[in-house]
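Knowing the structure of chain A, use the given hints to seat chains B, C and D on it.
Protein sequence lines, in the order shown, are assigned to chains A, B, C and D.
So for the first sequence, the numbering used here puts the first residue at 1; every next one is plus one.
So for the second sequence, the numbering used here puts the first residue at 1; every next one is plus one.
So for the third sequence, the numbering used here puts the first residue at 1; every next one is plus one.
So for the fourth sequence, the numbering used here puts the first residue at 1; every next one is plus one.
Do not rely on the hints blindly, as some may be mistaken.
All copies of an identical chain are treated as equivalent in the list; a pair is satisfied when it fits inside any one copy or across any two copies.
As the list claims (entries may be wrong) - Using 25 angstroms as the maximum straight-line C-alpha spacing, the simulated SDA-like pairs for lysine to any residue come out as follows:
(1) 110 with 86
(2) 110 with 92
(3) 110 with 99
(4) 91 with 24
(5) 110 with 97
(6) 91 with 107
(7) 91 with 103
(8) 91 with 9
(9) 110 with 93
(10) 91 with 106
(11) 91 with 80
(12) 91 with 18
(13) 110 with 18
(14) 91 with 57
(15) 91 with 115
(16) 91 with 114
(17) 91 with 104
Hints were generated in silico from the structure; no laboratory data involved.
Number of protein chains: 4
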Amino acid sequence: MTSPLEELAVRLRGFAQARDWERFHTPKNLAMALAGEVGELVAEFQWLADAERLDDEAMARVRAELGDVTGYLVRLADVLGVDLVRAANDKLDESERRYDPELYRGSARKAPPLR
Amino acid sequence: MTSPLEELAVRLRGFAQARDWERFHTPKNLAMALAGEVGELVAEFQWLADAERLDDEAMARVRAELGDVTGYLVRLADVLGVDLVRAANDKLDESERRYDPELYRGSARKAPPLR
Amino acid sequence: MTSPLEELAVRLRGFAQARDWERFHTPKNLAMALAGEVGELVAEFQWLADAERLDDEAMARVRAELGDVTGYLVRLADVLGVDLVRAANDKLDESERRYDPELYRGSARKAPPLR
Amino acid sequence: MTSPLEELAVRLRGFAQARDWERFHTPKNLAMALAGEVGELVAEFQWLADAERLDDEAMARVRAELGDVTGYLVRLADVLGVDLVRAANDKLDESERRYDPELYRGSARKAPPLR
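Just chain A, with the same shape it has in the complex (with noise of 0.2 angstroms):
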């Protein structure tokens, strides 16, 4: 069974084709695209103090980047073969090992990498 983010990727691959758009969804210019959103995403919160809220116009334009980011991610991920939910879990995996719970509580400083 295939899962939402799943069909979310062969929407994407059908909306790409159907354009002929596949010659531009190279990994770097889809890595480009993606970064482009992200700056979009950002620039809503850059003012923000660290306690506020976003207002309704403002979460509304939020969601529509996060749909954006979302979109650009999983076209490149799929261009690239790569399974998010998997790579991000072995991160995690990784992140668990790294920042022990009792070490690191309540701390923001960086682990050193794993040897």
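The following block gives chains B, C and D in isolation, referenced to the frame of chain A:
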């Protein structure tokens, strides 16, 4: 039934809670962390020619970066209460209306925003 | 008389020429390199509270990142033939017209674009 | 004598002061604003082929984006008390030691960090 993506969100939430890191995980800070990881991802492609493929070593780094990007994106969406796949599908609905397949076939030009 | 910024542009040009790296220094690739360095810069601030200051070690890293960002920005502008200071002053002229000091005093809201 | 870059820093400082925006101009927020502008810059190049040139309209947008990027970079450096040109020259000194012209001629591979 929960999807692998939802399971990842739950796992990331538990990871932050176990370390008392929720105070750091404001939407603003998570958006910055996402931007930082996307910067590392983009850097992997910067000197590559368009048609050039990543070698195995670079591909392993890109997969790890994609894992980091996915982790922060899923965590940010969880904190904001946004369904990423739904947000992406909503944007894709919009793109299908904006980009007529015949009119934009093989073209990289931008469509005007929907009214 | 050349300014220190112009001297830097000339020095960066010579650095690229001496290594036959001009083929890599397309505007597209330099924009990506700039994005990568800005990602590293942002990452230095991501877990910092609003009022929190960088410690000496982080400050040294930030200064080095600012050096990298400046280097790629100046190199990109040189390749494109853009005068950065003039471009910034032109945008500031525009911002002065868009943001009336009384109307926007202490406010982070965005002004409508100029017509 | 002040350079055009120093004059720009002074002008940006006055612009912020006149609007009581210094409270928003923390290093963290300015780094985010810089990232947002660099995202817009990168987006101008994302679907361009390697050898492809920007048309006049895109070039005008790129020049404006470079102005925005420069503005936030100069403002951030001013707030942190960093001399951008000196920081860039320091990094270039380092790159000259890391990248031997003969050894890295025409090569995009990364040198090991200096010890």
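Results of checking the hints against the structure:
1. 110 with 86: Classified as within; 23 angstroms inside a copy, 28 angstroms across copies.
2. 110 with 92: The answer is within: 15 angstroms in one copy meets 25 angstroms, while 27 angstroms across copies does not.
3. 110 with 99: within (9 angstroms within a copy, 29 angstroms between copies)
4. 91 with 24: between (29 angstroms within a copy, 19 angstroms between copies)
5. 110 with 97: within (13 angstroms within a copy, 28 angstroms between copies)
6. 91 with 107: So residue 91 and residue 107 pass the 25 angstroms test inside one copy only (19 angstroms; across, 31 angstroms).
7. 91 with 103: For residue 91 and residue 103, the Cα distance is within 25 angstroms only inside one copy (19 angstroms; across copies 35 angstroms).
8. 91 with 9: Both, since 22 angstroms and 14 angstroms are each at most 25 angstroms.
9. 110 with 93: within (16 angstroms within a copy, 28 angstroms between copies)
10. 91 with 106: Intra 20 angstroms, inter 34 angstroms, cutoff 25 angstroms: intra-copy only.
11. 91 with 80: both (18 angstroms within a copy, 22 angstroms between copies)
12. 91 with 18: Answer is between: at 17 angstroms across copies they meet the 25 angstroms cutoff, but 35 angstroms inside does not.
13. 110 with 18: Cα proximity of residue 110 and residue 18: across copies only (16 angstroms, versus 45 angstroms in one copy).
14. 91 with 57: Between copies, since 17 angstroms is at most 25 angstroms while 34 angstroms is not.
15. 91 with 115: Intra 14 angstroms, inter 29 angstroms, cutoff 25 angstroms: intra-copy only.
16. 91 with 114: within (11 angstroms within a copy, 28 angstroms between copies)
17. 91 with 104: within (17 angstroms within a copy, 33 angstroms between copies)
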